[in-house]
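**Q** Sequence:
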Amino acid sequence: ASGVWVDEHARTTVPGLHAAGDLACVPHNYMLGAFVYGRLAGESAAAYCAEHALPELDEAQVAQERERVWAPLRREDGLPPAQVEYKLRRMVNDYLQPPKVTRKMEIGLQRFDAIRHDLDRLQARNPHELMRAMEVHAIRDCAEMAARASLYRTESRWGLYHNRVDYPERNDTDWFVHVQLQKQNGQMACFKRPVAPYIVPLDDAEKEVYRRLRVQTPELNAA
3 ASGVWVDEHA RTTVPGLHAA GDLACVPHNY MLGAFVYGRL AGESAAAYCA
53 EHALPELDEA QVAQERERVW APLRREDGLP PAQVEYKLRR MVNDYLQPPK
103 VTRKMEIGLQ RFDAIRHDLD RLQARNPHEL MRAMEVHAIR DCAEMAARAS
153 LYRTESRWGL YHNRVDYPER NDTDWFVHVQ LQKQNGQMAC FKRPVAPYIV
203 PLDDAEKEVY RRLRVQTPEL NAA
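Residue numbers (the working numbering): 3 to 225.
Note that these hints are calculated values from the structure, not bench results.
No residue lacks a Cβ here, since even glycine has one placed at the ideal position from N, Cα and C.
Be a bit skeptical, because a hint or two may be false.
Said to hold, decoys possible - Taking lysine to any residue and the SDA-like style, the derived pairs with C-alpha atoms no more than 20 angstroms apart in a straight line are:
(1) Lys194 / Ser4
(2) Lys106 / Asp96
(3) Lys89 / His119
(4) Lys106 / Arg92
Unchecked claim - Okay, the calculated beta carbon distance ranges per label pair:
(5) Val16 / Asn187: 11 to 21 angstroms
(6) Arg70 / Asn187: 13 to 23 angstroms
(7) Lys106 / Arg172: 20 to 30 angstroms
(8) Pro170 / Leu75: 46 to 56 angstroms
(9) Pro196 / Pro17: 20 to 30 angstroms
(10) Glu69 / Ala140: 15 to 25 angstroms
(11) Pro129 / Pro203: 47 to 57 angstroms
(12) Arg127 / Asp96: 25 to 35 angstroms
(13) Gln186 / Glu67: 19 to 29 angstroms
Full structure from sequences and hints, please.
**A** Here's what the structure looks like:
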């Protein structure tokens, strides 16, 4: 899974900020998980708000962000968001698609950095295009995060999903961990987070049902 790190209450590492669905670092692409984590996030966020007063806002920061968001609508000449998004997604396919090659991902990082100049020239003619323009910014950031995390994890894991040509073997000794990113000195930096054990207790009846469902092989029976 990839996404914003959350705990069992859908809380991120930023107090008061919650995440659910494909945005969160939970199994993706299934509605049941989105429903469950959506409820957890809502309940946890409501409890947090009940215990905390509204914070003081940094008006200068708000004004700066408002200017950044509205800038594409104010440009009389610029690049269409759909065009830049297409270009960016092609780069992701060309440089990050498995099997992953170190040099290709390094070139991809260079391309993702260079396309920042295009983002500064995005033009939006209506609110819908403004939304697409902001999405392109997020896509670029996600592409860089994917490239940096892939380069950081020097092994192969999860089948084709993270198949590195330069490091074809799985390495549980060094890489049975979560790879996460944080901002350090204005740059993305990777670090390891240990995998917490997740053990669900089963009674004897549940264990027997599970045993019957397992695929029986001579090797397993001998064990």
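**Q** Next step is simple, just say for each hint if it's right about the structure.
**A** For each hint, the structure was consulted:
Restraint check: the Cα-Cα separation between lysine 194 and serine 4 comes to about 14 angstroms, which is no more than 20 angstroms; the hinted pair holds. For the proposed pair lysine 106 and aspartate 96, the alpha carbon gap of about 8 angstroms is at most 20 angstroms, so the pair holds. Proximity of lysine 89 to histidine 119 is assessed by CA-CA distance (about 13 angstroms); at most 20 angstroms being required, the pair is judged to hold. Restraint check for lysine 106 and arginine 92: satisfied, since their Cα atoms lie roughly 13 angstroms apart, inside the 20 angstroms limit.
For valine 16 and asparagine 187, the Cβ-Cβ distance of about 19 angstroms falls inside the hinted range of 11 to 21 angstroms, so the restraint holds. The hint said 13 to 23 angstroms for the Cβ distance between arginine 70 and asparagine 187, and at roughly 21 angstroms that hint holds. The hinted range of 20 to 30 angstroms is satisfied by lysine 106 and arginine 172, whose Cβ atoms lie roughly 21 angstroms apart. Taking 46 to 56 angstroms as the suggested C-beta distance range, the pair proline 170 and leucine 75 conforms, at roughly 48 angstroms.
Under the hint 20 to 30 angstroms, the C-beta atoms of proline 196 and proline 17, about 22 angstroms apart, fit the expected range. The beta-carbon spacing between glutamate 69 and alanine 140, approximately 18 angstroms, falls within the hinted interval of 15 to 25 angstroms. At about 51 angstroms, the CB distance of proline 129 to proline 203 agrees with the hint of 47 to 57 angstroms. Between arginine 127 and aspartate 96, the C-beta spacing of about 29 angstroms keeps the proposed range 25 to 35 angstroms intact.
Range check, glutamine 186 to glutamate 67: about 21 angstroms between beta-carbon atoms, so the 19 to 29 angstroms window is met.
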